[in-house]
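**Q** For the record, the sequence lines run as chains D and W. Reminder that position 218 of the first sequence reads as 218 in my numbering, one-by-one numbering, no gaps. Residues are numbered in my numbering as their position in the second sequence, beginning at 1, plus a constant of 259.
Hints may be right or wrong, so weigh each one.
[Claimed, not checked] One side only, chain D facing chain W, incomplete, derived with CB under 7 Å: (1) Lys20; (2) Asp100; (3) Leu104; (4) Ile111; (5) Ser113; (6) Thr116; (7) Ala182; (8) Val201; (9) Glu203.
[Stated by the list, open to error] Straight-line C-alpha distance at most 27 Å; calculated DSSO-like pairs for lysine-lysine: (10) D:Lys24 / D:Lys184; (11) W:Lys265 / W:Lys449; (12) D:Lys184 / W:Lys304; (13) W:Lys448 / D:Lys184; (14) D:Lys24 / W:Lys491; (15) W:Lys265 / D:Lys24; (16) D:Lys101 / D:Lys88; (17) D:Lys229 / D:Lys88; (18) D:Lys55 / D:Lys184; (19) D:Lys55 / D:Lys162; (20) W:Lys449 / D:Lys184; (21) D:Lys184 / D:Lys229; (22) W:Lys448 / D:Lys249; (23) D:Lys211 / D:Lys184; (24) D:Lys211 / D:Lys22; (25) D:Lys168 / D:Lys22; (26) D:Lys229 / D:Lys24; (27) D:Lys229 / W:Lys304; (28) D:Lys101 / D:Lys162; (29) W:Lys333 / D:Lys22; (30) D:Lys249 / W:Lys304; (31) D:Lys229 / D:Lys55.
[Claimed, not checked] Non-contacting residues of chain D with respect to chain W, defined by C-beta distances greater than 12 Å in every case (computed): (32) Asn115; (33) Pro181; (34) Ala186; (35) Thr216.
Just so you know, these hints were derived from the structure itself, not from any lab. Even for Gly, the Cβ is constructed at its ideal location relative to N, Cα and C.
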Amino acid sequence: MAESNINFTESELLERVWDKEKIKDIIYRRSYFISANRRREELSNLWVGEPRHLKSASYGNNIGYFVGIDEIHRHCAEYDEILYSRLKPYSDTRQEIDYDKANLGFGGMNIFSCNTPLVFVAENGMTAKLLVAQYGNHAVGAPDGTSEVFMTFGLVFADFVKEGNQWKIWHLIDVHDFSLPAGKDALDLPLRPGAEDDPIVAEYGTPTVSKEVYDTMFGWEYLYFDMPKEYYAYDERYGYGPNSNMGLKYFERPGGTRQ
Amino acid sequence: MSRLTKSERIRNAVASQAVEEIKAIHAYVHGNNYNREEWDTLWSKSDNTTWGHAFGRMVGPENIYLNSVAHCDKMACEGYMRVCDKSSEFWGHDIRSSGMSGTHALASGVIEVAEDGRSARSFYLTPGGMIGNRMRLESNNERFGGWIWERYGSDFVFENGRWLYFHEQVCPDIDSEYDFLNWAYDEFKKSINNPINDGSMGGTPARLSEPGAIHYNFTCFQTVQDTVVPPKPYSSLNDENSYSTKGRNTL
């Protein structure tokens, strides 16, 4: 249901309007950092920084959660290994390209654009929830002329928390649907693609907490229960961290489906 | 400089975000087959509520509910049973939403809120994706990685303290498969064989208040259609500022 604003003063309404635009701004900036392979800058610029939030910060994907900011950094390091593997064919064959951190991203492009934003700020103004659809493009080329190019589809769910007067990402889940290969019939893909068919699956890494967050086989089955709705204050059951209801059948959700 | 007072501008800024919210909720629940949840909570129950597509227009909540909820739920249930015949894994999963993962993504939104703050209008391009195992299994593996681009013209009203959908005009333009077919050539061939496409894309509803083509899909033999034009600043909802027909612009 669309938000009812009858409880707020004019000043509060203005602040909430501003808050929603700032939150959208953050997720769009995240797209930039991810696409530019600047994931650590994404974390330092856009994610929580206050000590009370660092251990509970989490990044999730289809197979689980990286819990705590250190673990999210570890995932960045895992992803760097993938980037190094893409760099190596170039540095092996072209003298001017050093096998160096500065050249990570060479030979590849992952661009994720966000659309269809849905944002709710908690009635108490301290947290917010967001959902966007994420349409992307993944392209990797090698010096021998081989390449893999896919269009990617998914969703992003995120909790934001206010630190001082700034909004920060607290929990975020990249839900991945499918990667459709360029120049090929998508019908040739298996119903549930694995790492060998889907480059995004190959990038999932080793989460701190393994959990089936999303199964591409059954799609957005629980989207209505998971999507942001009007709410008063943060409750981890209805958020997007590792203790949330994400991935659970509706009748398995503690507290039911209310928010 | 706007004629509106500061309070009115704040009111209209809030309204503009409410329109974004409604459009986004629609995009997600529609892509999920959760039609009842949309029509029960996002739409006005006025007799002048309308929902138009290329194939015609539904008028009033009963006609809209019949087609957009009851008819669609019936198709979803029948489709679910066909899917389960192909993949027994689906038994026990949501009858409506399992296997669905496409959406009419929203882009290039233009939103105007009336000066009187009682209505709003929006225009969006929708570069949608039609992907999901349900579609694939239901179609006997004929359809999976597809896309559909449309345009939306929507009117909203402020009723009992909430913003609600009032009119929608959907204009499907073109669809094809992602990066596998030569869609431009395919459209050319379609145009040669069938110059006029009356909008069967999207399926045929059970019963329509006002049948008849409102919009034609893309072909090589027509100019770009201006079925829905982005809204201009306006003072209040009326026949001249509406995506529906004359006489349907009061609650």
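**Q** If a hint holds in the structure, say so; if it doesn't, say that too.
**A** Quick rundown of the hints versus the structure:
no. : hint                : verdict
1   : Lys20               : holds, 6 Å
2   : Asp100              : violated, 34 Å
3   : Leu104              : violated, 27 Å
4   : Ile111              : violated, 15 Å
5   : Ser113              : violated, 9 Å
6   : Thr116              : holds, 5 Å
7   : Ala182              : holds, 5 Å
8   : Val201              : violated, 15 Å
9   : Glu203              : violated, 19 Å
10  : D:Lys24 / D:Lys184  : violated, 34 Å
11  : W:Lys265 / W:Lys449 : violated, 53 Å
12  : D:Lys184 / W:Lys304 : violated, 46 Å
13  : W:Lys448 / D:Lys184 : holds, 21 Å
14  : D:Lys24 / W:Lys491  : holds, 25 Å
15  : W:Lys265 / D:Lys24  : holds, 24 Å
16  : D:Lys101 / D:Lys88  : holds, 11 Å
17  : D:Lys229 / D:Lys88  : violated, 46 Å
18  : D:Lys55 / D:Lys184  : violated, 43 Å
19  : D:Lys55 / D:Lys162  : holds, 16 Å
20  : W:Lys449 / D:Lys184 : holds, 22 Å
21  : D:Lys184 / D:Lys229 : violated, 38 Å
22  : W:Lys448 / D:Lys249 : violated, 46 Å
23  : D:Lys211 / D:Lys184 : violated, 32 Å
24  : D:Lys211 / D:Lys22  : violated, 31 Å
25  : D:Lys168 / D:Lys22  : holds, 10 Å
26  : D:Lys229 / D:Lys24  : holds, 16 Å
27  : D:Lys229 / W:Lys304 : holds, 22 Å
28  : D:Lys101 / D:Lys162 : violated, 33 Å
29  : W:Lys333 / D:Lys22  : violated, 41 Å
30  : D:Lys249 / W:Lys304 : violated, 32 Å
31  : D:Lys229 / D:Lys55  : holds, 26 Å
32  : Asn115              : violated, 4 Å
33  : Pro181              : violated, 8 Å
34  : Ala186              : violated, 3 Å
35  : Thr216              : violated, 7 Å
When each numbered hint is compared with the structure, violations occur for hints 2, 3, 4, 5, 8, 9, 10, 11, 12, 17, 18, 21, 22, 23, 24, 28, 29, 30, 32, 33, 34, 35.
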